[in-house]
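K.L.:
With the hints as a guide, bring the two chains together.
Chain order of the listed sequences is A and B. Everything in the first sequence is counted per my numbering, starting at 23 for the first residue and increasing by one. Everything in the second sequence is counted per my numbering, starting at 219 for the first residue and increasing by one.
These are computed hints drawn from the structure, not numbers from a lab. No residue lacks a Cβ here, since even glycine has one placed at the ideal position from N, Cα and C. Just to be clear, a hint being listed does not mean it is correct.
[As the list claims (entries may be wrong)] Computed list of lysine to any residue pairs in SDA-like fashion (alpha-carbon distance at most 25 angstroms, straight line):
{"no.": "1", "chain 1": "A", "residue 1": "K272", "chain 2": "B", "residue 2": "K247"}
{"no.": "2", "chain 1": "A", "residue 1": "K291", "chain 2": "B", "residue 2": "L259"}
{"no.": "3", "chain 1": "B", "residue 1": "K254", "chain 2": "A", "residue 2": "G83"}
{"no.": "4", "chain 1": "B", "residue 1": "K254", "chain 2": "A", "residue 2": "Q287"}
{"no.": "5", "chain 1": "A", "residue 1": "K272", "chain 2": "A", "residue 2": "Q287"}
{"no.": "6", "chain 1": "B", "residue 1": "K247", "chain 2": "A", "residue 2": "D34"}
{"no.": "7", "chain 1": "B", "residue 1": "K247", "chain 2": "A", "residue 2": "P252"}
{"no.": "8", "chain 1": "B", "residue 1": "K254", "chain 2": "A", "residue 2": "L310"}
{"no.": "9", "chain 1": "A", "residue 1": "K272", "chain 2": "B", "residue 2": "E335"}
{"no.": "10", "chain 1": "A", "residue 1": "K272", "chain 2": "A", "residue 2": "V282"}
{"no.": "11", "chain 1": "A", "residue 1": "K388", "chain 2": "A", "residue 2": "I377"}
{"no.": "12", "chain 1": "A", "residue 1": "K305", "chain 2": "A", "residue 2": "S382"}
{"no.": "13", "chain 1": "A", "residue 1": "K197", "chain 2": "A", "residue 2": "R242"}
{"no.": "14", "chain 1": "B", "residue 1": "K254", "chain 2": "A", "residue 2": "K427"}
{"no.": "15", "chain 1": "A", "residue 1": "K272", "chain 2": "B", "residue 2": "M219"}
{"no.": "16", "chain 1": "B", "residue 1": "K254", "chain 2": "A", "residue 2": "E129"}
{"no.": "17", "chain 1": "A", "residue 1": "K427", "chain 2": "A", "residue 2": "G279"}
{"no.": "18", "chain 1": "A", "residue 1": "K291", "chain 2": "B", "residue 2": "A261"}
{"no.": "19", "chain 1": "B", "residue 1": "K254", "chain 2": "A", "residue 2": "L235"}
{"no.": "20", "chain 1": "A", "residue 1": "K197", "chain 2": "B", "residue 2": "K254"}
{"no.": "21", "chain 1": "A", "residue 1": "K272", "chain 2": "B", "residue 2": "F334"}
{"no.": "22", "chain 1": "B", "residue 1": "K254", "chain 2": "A", "residue 2": "R204"}
{"no.": "23", "chain 1": "B", "residue 1": "K247", "chain 2": "A", "residue 2": "K205"}
{"no.": "24", "chain 1": "B", "residue 1": "K254", "chain 2": "A", "residue 2": "G311"}
{"no.": "25", "chain 1": "A", "residue 1": "K305", "chain 2": "B", "residue 2": "K254"}
{"no.": "26", "chain 1": "A", "residue 1": "K205", "chain 2": "B", "residue 2": "K254"}
{"no.": "27", "chain 1": "B", "residue 1": "K254", "chain 2": "A", "residue 2": "D293"}
{"no.": "28", "chain 1": "B", "residue 1": "K254", "chain 2": "B", "residue 2": "Y299"}
{"no.": "29", "chain 1": "A", "residue 1": "K305", "chain 2": "B", "residue 2": "E251"}
{"no.": "30", "chain 1": "A", "residue 1": "K272", "chain 2": "B", "residue 2": "R220"}
[Said to hold, decoys possible] Covered by chain B, per the in silico footprint, the following chain A stretches (three or more residues, Cβ under 8 angstroms):
{"no.": "31", "stretch": "241-250"}
{"no.": "32", "stretch": "340-350"}
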Amino acid sequence: MVTLSQTHRTIDAIWRMESAKLIASLTRMLRDVGVAEDLAQDALVIALERWPETGIPDNPGAWLMTTAKRRAIDLMRRTKLRDQKYVEIARGMEYKEEDIDQALDGEIGDDLLRLVFMTCHPVLSPNARVALTLRLLCGLTTDEIARSFLVAESTIAQRIVRAKRTLRAEKVPFKVPTGEQRKKRLSAVLEVIYLMFNEGYSATSGDHWIRPLLCQEALRLGRVLSEIAPHESEVYGLVALMEIQSSRFKTRVSATGEPVLLMDQNRAKWDRLLIRRGLAALKRSQELGSTLGPYALQAAISACHAEAPTADETDWIRIAALYEALSRATPSPIIELNRAVAISMAFGPSFGLQIVDELSGEPSLKRYHLLPSVRGDLLVKLGRFGEARTEFQRAASMTRNDREKELLLNRANECES
Amino acid sequence: MRFMMIVKATTDSEAGVMPSQELIDAMQKYNEELVKAGVLLAADGLQPTSSGIRISYPEPGEKPKVMDGPFTEAKELIAGYTLIEVKSREEAIEWALRMPDPHGYGQGEIELRQVFELEDVVANPESLAKEATLRKQVKEQKKGW
Chain A
23 MVTLSQTHRT IDAIWRMESA KLIASLTRML RDVGVAEDLA QDALVIALER WPETGIPDNP
83 GAWLMTTAKR RAIDLMRRTK LRDQKYVEIA RGMEYKEEDI DQALDGEIGD DLLRLVFMTC
143 HPVLSPNARV ALTLRLLCGL TTDEIARSFL VAESTIAQRI VRAKRTLRAE KVPFKVPTGE
203 QRKKRLSAVL EVIYLMFNEG YSATSGDHWI RPLLCQEALR LGRVLSEIAP HESEVYGLVA
263 LMEIQSSRFK TRVSATGEPV LLMDQNRAKW DRLLIRRGLA ALKRSQELGS TLGPYALQAA
323 ISACHAEAPT ADETDWIRIA ALYEALSRAT PSPIIELNRA VAISMAFGPS FGLQIVDELS
383 GEPSLKRYHL LPSVRGDLLV KLGRFGEART EFQRAASMTR NDREKELLLN RANECES
Chain B
219 MRFMMIVKAT TDSEAGVMPS QELIDAMQKY NEELVKAGVL LAADGLQPTS SGIRISYPEP
279 GEKPKVMDGP FTEAKELIAG YTLIEVKSRE EAIEWALRMP DPHGYGQGEI ELRQVFELED
339 VVANPESLAK EATLRKQVKE QKKGW
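So here's chain B without its partners, still in its complex pose (with noise of 0.2 angstroms):
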């Protein structure tokens, strides 16, 4: 099973305040330590919000909203994810209780999530549409190319 570990944003990290090199060096470890292990999938740090998009849909039905960052309340956004790869959700928890504490001032903060596994949805004929969908899709690109 696969599980999202969510770095989630501070002020220093929002500010594009770069992160003490002790800091550096122990999330550095860390990750070797996940790769030796064999359970480290994917790994990514994300720039400040000052820098994203957000796009929403206050009207149900109409255009969405577009609107540039920065924006407010760190606790509430993302600064970065470690996809991992275990056998239980034990582990998971083990291996973000390993992870060093991401911020140091009180404010670090790390979201476990577990990702869909494909059999998780695939029963639902809702989702089955949706495939019929994305796969024509993936026809009509191929059309295009």
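For reference, chain A alone in the conformation it holds in the complex (with noise of 0.2 angstroms):
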């Protein structure tokens, strides 16, 4: 017996899948997105209304899509085409109106890509562009992106009609840039989902170290982008990049609730299964691409560390070099910071105190407690445990995350034995 939630549950799945193909598909038709998702939610009302007695149509996916295009007719007819913008909607139609079934499933992956660029698009700010592309392109509801950020359900709401209103004033166009552009535009994408996976995978602050949805998310919409741009090295590196490090998901923190920092990871539990798949994009990526961007030179090393049997076993002349390679494509001090992690590894302790003391003076560190506790652990190294201390101390002042804190502190109190 099928109750009405199970139907309900089925529906909210069906919704997921369907979505996304939906929205762009009605983008491509209407022009505007904010009228295809309303016109889509509609069709998904009316699904809640009848699946339960008439139960789930066999392709749902394109009942929900011939559902959502009677209402974009409704909707032309009840306007009468007064404004120019529905005229250009009936043009629209008029041309797809023969073949749903090509507009469900041919070209399908291209109207996923413009819609992906246009959730993307730089007139939206960061916080805007990863709540709408979580919301259209990920099927979340308004409470799911919520809660995985850890504000309120009005605020992501607020945030996604302001989003599809900007989209709007601005006359974005439902296109895949090309040229110069396309570069540009494509690392906005990729900058979103990684945005995304890294909000999921390090929380900035509370005591929530690990926000498992959006990892999910932001590593299948990757999946997907490396299925629909399928010859852009730098989507195979970034795909490669979450896979490896979801490989470790359940390592980085132990069963007490702390995190584990990678070195001292248990390896016989890091997914295997992952870091082959993250291991073949990578090489996918290297294949694609002359010269590696800054995504797939990040999967290189967590690569190196994937691939080392042991911590010991790591190759840290490898990841030394590909730091430096990362540094001259993007400079920034946060990569300085690692590669000195990766020379004092690779050649001793003082080495990388040297990178390290060279980013003292630098401001957009200031705030950064990786800094000291970097310096601190080099310290230690070196047997300079009091001035070790104070760094861990200065880390532990510095960081939002509870645990992260706690962990600082205990390495400034062993300072002290």
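P.N.:
Put into structure tokens, the structure is as follows:
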């Protein structure tokens, strides 16, 4: 016996599977992502009313599409083609009405790609891009997005409404950019996905160390993107990076909830399947690009760790070299800091400390807790415990993550004995 | 959450009869859909049990019994699997329902099983002990290399 709530849960699942395709196809017809989403939602509401009685149709995606399209036609009749926008919509509809199947099937990948370029458009703030992408491409509810970011649902709802309004006001086209523009815009898309992933992977505040939903969604979206933009080296680079980082998802926190550093993690529990997938994506990225981009380089670094059977066997010389390449591709003090760690592991702590000391005047690292934390670590290795303790205490006062703070204070205390 | 869609063996799959081109095409299309949706983690078809080996422990504490295939009772056997990562149990069922009938002659059967997540077992002291052993083994393996 199928209960009503069971049917609703099934419809939720179908929505998650179909909504992005639905919204993408409707946006192509209507040229307005806001209206497209409304119509797709209308179709969902109708499904929620009817399916519990009629049963779920054999091809629920096509059913939702047809229903949404009918709503689109109704909408146009109601407005009687009064304004120019709907005349254009009507033109698009006439053209597309004949082949729903094609709209659902053939060009769907292209439509999804156009949609992701739209939701990740630079006219939107980074926060708005993430929220809109999660909503339209991942099919998450406003509530789910709000919970993932630990903010009020109304905040996310407003952010999404405003984002759609901005896209309309700025007349952001539903198309994949070409030429030089494409490269720039693609990196904006990748940035949104990685932001999403990182938000889930390393919570910046509160005691939630991991917020897995965002990581899973980012990874899934990355995998989708690698299918619809299959010739982009950096897309595979980002997928590789996320797959490999995800392989350590469950070893990052101890049974008692404390964070476990990469070198201390139990490698036997790393997810071999994800590592294999990550290495395959990295290989593909290397085949597609003559020089590796920032994501592929980070993935290559991550791969060095994944491939080392034990922490002691890590190829630090290679990692140091990759960090140098990364530092050249995207110069940043944070990458320099990481390079310092790699150099110290490869050639000794005093070499690493030199680089760290050069970074001490860096204004952008003034509030970055990992600078004193790394410095403290190197000082411990050099036997300078007094100085190390001060650094760990400083780092602890800078982090907003409760668990990390605890870890750092413990290290400070260890320096005393 | 991860689910394994297990395709059960049939008389044909056990006899090594290749599936029809139509079914192969349909399966391929289905797998592409899974890939495009970003949910496919792994998928493989298995050789018939005629090349399989079964290891059983009829006597507790005694040496295992090793038996060469083929094995009987096709419905109890596995012909292939597809591992997917989805957000809900319902989504897994929906994907499984979209898989083509893996046989077509009334013997087609797909079994859907959820994969244990680490957190499902981690609180168990027994599994924590196991993990420590595993860690030690990895260390010793390393020494052997």
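K.L.:
Please list, smallest to largest, the hint numbers that this structure does not respect.
P.N.:
Those not satisfied are hints 1, 4, 12, 14, 23, 32.
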